[in-house]
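**Q** Residue numbers (the numbering used here), protein chains in the order written: chain A, 17 to 647; chain B, -4 to 109.
FYI, nobody ran anything at the bench for these hints, they're computed from the structure.
Idealized CB from N, CA, C, for every residue including glycine.
Incorrect hints may appear among the rest.
[Stated by the list, open to error] Chain A regions said to be covered by chain B (calculated; three or more residues, Cβ under 8 Å):
#, stretch
1, 84 to 91
2, 95 to 104
3, 214 to 221
4, 243 to 250
5, 341 to 350
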Amino acid sequence: MKQSVIHVHLGGPLVALLGNPNCGKTALFNLLTGSRQKVANYAGVTVERKEGKLTTPAGKQLRVLDLPGTYSLHPRSPDERVTCDVLTGHATGEKRPDLVICVVDATNLRRNLRLVLAVKRLGLPCIVALNMTDLAEQRGIHVDVAALAAALELPVVNTVAVNSAGAAPLLTLLDQPEIWRSKLALATGGIAEARSAAIEADHDAVRRILQRLGLDQNIPHLLSDRIDRVVLHPVGGPALLALVLFLVFQAVFAWAAVPMGWIDAATSVIANSISAMLPSNWFKSLIVDGVIAGAGGVVVFLPQIIILFFFILVLEESGYLPRAAFLLDRLMGGVGLSGRSFIPLLSSFACAIPGIMAARTIANPRDRLVTIMIAPMMTCSARLPVYALLIGAFIPHREVGGIFELQGLVLFCLYVAGIVGALVVAWVLKRFTARNQVHPLMMELPIYHWPRVRNIAIGLWQRVVIFMKRVGGIILVLTVLLWFLASFPAPPPGATGAPIEYSFAGWLGRGLAVIFAPIGFNWQISIALVPGMAAREVAVSALGTVYALSATGDNTAGALMPLIAKSWSLATALSLLAWYVFAPQCLATLATVKRETGGWTMPLVMAAYLFSLAYLASFITYRLALAAGLG
Amino acid sequence: MGKPEQSTYPSTPRMNKKSLFTLDQAENYRPYVIHSVDAPSIAPEWQAWLEEIGFIPGEHVMVMARSLPGGDPIVVRVGASTFALRLAEAACVHVQAIAAIGTLEADPLASAAA
Chain A
17 MKQSVIHVHL
27 GGPLVALLGN
37 PNCGKTALFN
47 LLTGSRQKVA
57 NYAGVTVERK
67 EGKLTTPAGK
77 QLRVLDLPGT
87 YSLHPRSPDE
97 RVTCDVLTGH
107 ATGEKRPDLV
117 ICVVDATNLR
127 RNLRLVLAVK
137 RLGLPCIVAL
147 NMTDLAEQRG
157 IHVDVAALAA
167 ALELPVVNTV
177 AVNSAGAAPL
187 LTLLDQPEIW
197 RSKLALATGG
207 IAEARSAAIE
217 ADHDAVRRIL
227 QRLGLDQNIP
237 HLLSDRIDRV
247 VLHPVGGPAL
257 LALVLFLVFQ
267 AVFAWAAVPM
277 GWIDAATSVI
287 ANSISAMLPS
297 NWFKSLIVDG
307 VIAGAGGVVV
317 FLPQIIILFF
327 FILVLEESGY
337 LPRAAFLLDR
347 LMGGVGLSGR
357 SFIPLLSSFA
367 CAIPGIMAAR
377 TIANPRDRLV
387 TIMIAPMMTC
397 SARLPVYALL
407 IGAFIPHREV
417 GGIFELQGLV
427 LFCLYVAGIV
437 GALVVAWVLK
447 RFTARNQVHP
457 LMMELPIYHW
467 PRVRNIAIGL
477 WQRVVIFMKR
487 VGGIILVLTV
497 LLWFLASFPA
507 PPPGATGAPI
517 EYSFAGWLGR
527 GLAVIFAPIG
537 FNWQISIALV
547 PGMAAREVAV
557 SALGTVYALS
567 ATGDNTAGAL
577 MPLIAKSWSL
587 ATALSLLAWY
597 VFAPQCLATL
607 ATVKRETGGW
617 TMPLVMAAYL
627 FSLAYLASFI
637 TYRLALAAGL
647 G
Chain B
-4 MGKPEQSTYP
6 STPRMNKKSL
16 FTLDQAENYR
26 PYVIHSVDAP
36 SIAPEWQAWL
46 EEIGFIPGEH
56 VMVMARSLPG
66 GDPIVVRVGA
76 STFALRLAEA
86 ACVHVQAIAA
96 IGTLEADPLA
106 SAAA
């Protein structure tokens, strides 16, 4: 037995979950490991690596790896490559699995079993988890598990990844020592077969197995087909998609209002009670003006982020997202991309980082790079705090046409502006780089599923943790740093202005204000833009800190909205909104782009072009607003 | 890439059999059987990709939907799966109408009802 990389891993034998995309593999993974999951990256590549722990009924501790879904062992995208490398023992820093669980969709055995045959040839110990048997039964597909096991010469076990008892037979099977040994010799080389011949041979073998089991018919999913007649309708489909996206963005604003009020109230209660407890000195200022005002100003947007992610997860789980990609393929094709770019771009509405990472599923390298470059223009949730603050302060709260809310409508327009900007950039890039390019689509439209509460809950939880870690980590550090810059040096005795005007931040802001004056930004905004580079939402907490410290009375961050409504002109507010549509992305995004593209060229190009675009957009907006008499 | 006279769209049907044509020209909701799969010289890897997702000779296919405008891309049922394909991709798949091969294999919808 030879392994190219051998590392010492603690925590027991390694089990890999492998399967076609959409076979219910991740649902099974969630069922097996529950909340005991670690989400990270594979060494050297930015493919999401999900590992969890499970304990068998006999008390055996196992590590479970959820490999990226693949149709074959011939990779065509970076994440399929990871799956192949792990299985062949070529993945850097990754142990070759001790056992492979092939997850098979019982409603689509024909395609799924071909992968099983390919994995079996690798010589790794292998068992088959027959998933989605409940859905198969509903459609009249009865799989004889014993006969399938005999035909494949592999252990087969029934799993229903929906209910919690579904994994019990699989767990019991994992306790049997004989399944950890393979009958075949371990293949050490690559997968060096004549590809087409192997596919057809496997296809014939699968056909014979299915004939023996009496499953050699294709039974269509009638309900799914009926839904598709509406969803994929040439006219109705795009209209429905527009409606869905519009409702999502309305909901983000409407549903989040109440919990945001609670968080806001809780923040002021905490600030006031701590303020009452502490003696009036620099430490009180640090805690109340720096930490509480800064972090509170960001946490308040958690409800909106949760709602947006909730909708993305539900659309993803139900199977609607690939349909949306299909509907948008024509539009994307017009700017030199394919519908495959839609899912990375949609994820970028939550955060550009997972979006840029999701671009790895795009096989064409040019398309992938263009998708990465325009992803930051999708309005990420980190920009929501900025938009929410400015819209709340400057756009009146009233209804338009009886159904729509003016504030929601403005938000929708900002999202549209980002999308249009991205499409224009992609179109320009197409003019220069898309010659002789073919853009493969070949995208599966899985049958519709009811989204599983468990999967949505785990997905949401992982995203909330990531957001809160950012608040706790980088955002807090920067807020405190900004508080320091804004508080020292202290104003000279007898000074009349606000203390911040004499501080480091005051000098820095006045310096930057020279650059930003033509687009209508005052020195407070200019200061807030600096930490906004680290994470966009910090701009809001930075404004909170700057204004809390520049106020001569005892204004807290809670009063930020009326404060800026009073002191900024509408032209300045519109200019700042335009700035944030194309906003220079946060440092974490640039770091991700560097990792994905393997060099500093692309992140630098990205920063430069977005800066120019943002400045240009703000300049035009500000000048037009001034001309319209909004100054 | 490729010689200049080669087209990106290898959609010229093989006219050696009258009933043989490519999937992009297929009628909606009508079952066909795949005869062969080949790829344009500009993207030779498409053949293996299409085969791996299930476009294999002998498999049933049906066009389920076409988008507007231009009918590109299309939605194709192959076996029990559904895929969105660009017309250029569908043009790699040579198909035969079920009736034209003498209904050796039953109509998938009919067998579903049985």
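**Q** Decide, hint by hint, whether the structure agrees.
**A** Outcome of the hint check:
1. 84 to 91: Three-residue rule met by the stretch 84 to 91 of chain A, so holds; n is 3.
2. 95 to 104: violated (count 0)
3. 214 to 221: holds (count 3)
4. 243 to 250: holds (count 5)
5. 341 to 350: Answer holds; 6 residues pass the 8 Å Cβ test.
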